[in-house]
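Trainee: Okay, here's what each chain looks like letter by letter:
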Amino acid sequence: MKSRQLDHWPMDERDLSAAEIERLERELEKSPELQKELSAWQAIEASFRESPMVGPEPGFTHRWQARLATRRERRSQRQVNLLLGLLMMGAFSALLLIGLDTLASPAQLGSAVIESVLRIGKLIGSGARYLAILGDGWPAFIGALALSAALAWVSVLWIAAMYRYAFGQIQNGVG
Amino acid sequence: MVRDDDKALITAAAEGDDDAFSEIVERYQKPVYNLCYRLLGNHGDAEDASQEAFMKAYKGLKKYDPQRPFISWMLAIAYNQCIDQLRRRRITWVGLEALFDRSDQQSPSAETTMDARGESERVQEALSALSTKDRAAVVLRYWYDYSYDEIAEMLSLTNSAVKSRLHRARRELLDVWTAEQLALGEGQNEVSPA
Numbered sequence: 135m136k137s138r139q140l141d142h143w144p145m146d147e148r149d150l151s152a153a154e155i156e157r158l159e160r161e162l163e164k165s166p167e168l169q170k171e172l173s174a175w176q177a178i179e180a181s182f183r184e185s186p187m188v189g190p191e192p193g194f195t196h197r198w199q200a201r202l203a204t205r206r207e208r209r210s211q212r213q214v215n216l217l218l219g220l221l222m223m224g225a226f227s228a229l230l231l232i233g234l235d236t237l238a239s240p241a242q243l244g245s246a247v248i249e250s251v252l253r254i255g256k257l258i259g260s261g262a263r264y265l266a267i268l269g270d271g272w273p274a275f276i277g278a279l280a281l282s283a284a285l286a287w288v289s290v291l292w293i294a295a296m297y298r299y300a301f302g303q304i305q306n307g308v309g
Numbered sequence: 286m287v288r289d290d291d292k293a294l295i296t297a298a299a300e301g302d303d304d305a306f307s308e309i310v311e312r313y314q315k316p317v318y319n320l321c322y323r324l325l326g327n328h329g330d331a332e333d334a335s336q337e338a339f340m341k342a343y344k345g346l347k348k349y350d351p352q353r354p355f356i357s358w359m360l361a362i363a364y365n366q367c368i369d370q371l372r373r374r375r376i377t378w379v380g381l382e383a384l385f386d387r388s389d390q391q392s393p394s395a396e397t398t399m400d401a402r403g404e405s406e407r408v409q410e411a412l413s414a415l416s417t418k419d420r421a422a423v424v425l426r427y428w429y430d431y432s433y434d435e436i437a438e439m440l441s442l443t444n445s446a447v448k449s450r451l452h453r454a455r456r457e458l459l460d461v462w463t464a465e466q467l468a469l470g471e472g473q474n475e476v477s478p479a
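Residue numbers (our numbering), protein chains in the order written: chain E, 135 to 309; chain A, 286 to 479.
If you're looking for bench data, these hints aren't it; they were derived computationally from the structure.
All C-beta atoms in this analysis are idealised placements derived from N, C-alpha and C, irrespective of residue type, glycine included.
It is possible that part of the hints are untrue.
What the hints assert, rightly or not - Distance windows between CB atoms, simulated:
no. : chain 1 : residue 1 : chain 2 : residue 2 : range
1   : E       : Arg160    : A       : Thr417    : 47 to 55 Å
2   : A       : Ala464    : E       : Arg160    : 38 to 46 Å
3   : A       : Asp290    : E       : Arg212    : 48 to 56 Å
4   : E       : Ala203    : A       : Thr417    : 45 to 53 Å
Claimed, not checked - Think about it this way: if two alpha-carbon atoms lie no more than 30 Å apart in a straight line, the pair counts; the simulated BS3-like pairs of lysine-lysine are:
no. : chain 1 : residue 1 : chain 2 : residue 2
5   : E       : Lys170    : A       : Lys448
6   : A       : Lys315    : A       : Lys341
7   : A       : Lys347    : A       : Lys292
8   : A       : Lys348    : A       : Lys418
9   : A       : Lys418    : E       : Lys170
10  : A       : Lys448    : E       : Lys164
11  : A       : Lys344    : A       : Lys292
12  : A       : Lys344    : A       : Lys418
13  : A       : Lys341    : A       : Lys292
What the hints assert, rightly or not - Computed list of chain A residues with no C-beta within reach of chain E, every gap over 10 Å:
no. : residue
14  : Ser335
15  : Asp350
16  : Asn365
17  : Arg374
18  : Thr463
19  : Leu469
Construct the complete structure from the given sequences, taking the supplied hints into account.
Mentor: Below you can see the structure in the form of structure tokens.
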């Protein structure tokens, strides 16, 4: 970058004190080069100030609203996919347990199902006991109640998500 | 500070009123879009960046400090969005340049004669010679009339860094402008009869 006379000045009148403006004016009288540079800068500044603020195409707000709606739709779709994934994993695990028991004695499919249900029940019971221990002597039924409430909440969420999923599909004309 | 009717809109929007936020979008779209356009240089990218900036503001409205002017907060978000977009664009360009040899191609702007271009386009081209941060400082200073302190806050810089960036930007602009003026003069001499 080549050195200029104007480099020693801030080139913006707003940055100069009255004394500095006076000094600049004296310099300008002496130096035609400085005069040339200053008038070039003033032309640039005038172009900036005259160049209007550029606005978007009409309908910007509507496009923003549409974008927001699309984002929300995508987010709820992701939540549904996650819930469905979790449900499938749960179902697969239960089927695996039942399948392993049935492989041992294929004739006893019914008892294998009952046994798996009992096993899940025991698991919930253990969870409740663990919660009761955590609760420092709280009665076990409070733990069980909390766990049941949590399970009920997950079920309600799942049903709501399924409903929204199905409803969304109809609205989009997909389903 | 924040206008009273703006304050009411911002409070309503923060409580989940989408119509209130739509009104905010309506009010501030022009300054936000202008900043994005000046930084990114084309309307397609400016539209996308300003839409995304409003989206981020909508999500982060609870973090907004009402002591600060809303427009400054909004412009800071838009500036950061433009920086992200430029970073992504640079990655894309590197990828494309690796695929195609563009050295023998002329850009459309090079084919356009200087005097045929509008003043606004000349301003935009002069600005494009600057680095993004310098460009942002110039735009905020000359289009929005912000003080050094306000620019420093928006661009996360110190006051002296803003001053030195503006000083450097002005020098570069002067170079670009002078070179253009010279080219313009030569072009006119070539077409004028001997």
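Trainee: For each hint, tell me whether it holds in the structure or not.
Mentor: Outcome of the hint check:
1. E:Arg160 - A:Thr417: 47 to 55 Å: violated (38 Å)
2. A:Ala464 - E:Arg160: 38 to 46 Å: violated (30 Å)
3. A:Asp290 - E:Arg212: 48 to 56 Å: About 37 Å separates the Cβ atoms of Asp290 of chain A and Arg212 of chain E, which means 48 to 56 Å is violated.
4. E:Ala203 - A:Thr417: 45 to 53 Å: Roughly 32 Å apart at Cβ, these two residues miss the hinted range, so it is violated.
5. E:Lys170 - A:Lys448: Roughly 23 Å between the alpha carbons, so the hint for Lys170 of chain E and Lys448 of chain A holds.
6. A:Lys315 - A:Lys341: holds (17 Å)
7. A:Lys347 - A:Lys292: Given pair Lys347 of chain A, Lys292 of chain A holds - Cα atoms ~13 Å apart, limit 30 Å.
8. A:Lys348 - A:Lys418: Given pair Lys348 of chain A, Lys418 of chain A holds - Cα atoms ~24 Å apart, limit 30 Å.
9. A:Lys418 - E:Lys170: This hinted pair holds, its Cα atoms lying about 28 Å apart.
10. A:Lys448 - E:Lys164: holds (27 Å)
11. A:Lys344 - A:Lys292: holds (17 Å)
12. A:Lys344 - A:Lys418: This hinted pair holds, its Cα atoms lying about 25 Å apart.
13. A:Lys341 - A:Lys292: holds (18 Å)
14. Ser335: violated (7 Å)
15. Asp350: Non-interface label stands for Asp350 of chain A: nearest chain E Cβ at 23 Å, farther than 10 Å.
16. Asn365: holds (18 Å)
17. Arg374: The claim holds: Arg374 of chain A sits with its nearest Cβ about 19 Å from chain E, beyond 10 Å.
18. Thr463: violated (6 Å)
19. Leu469: holds (12 Å)
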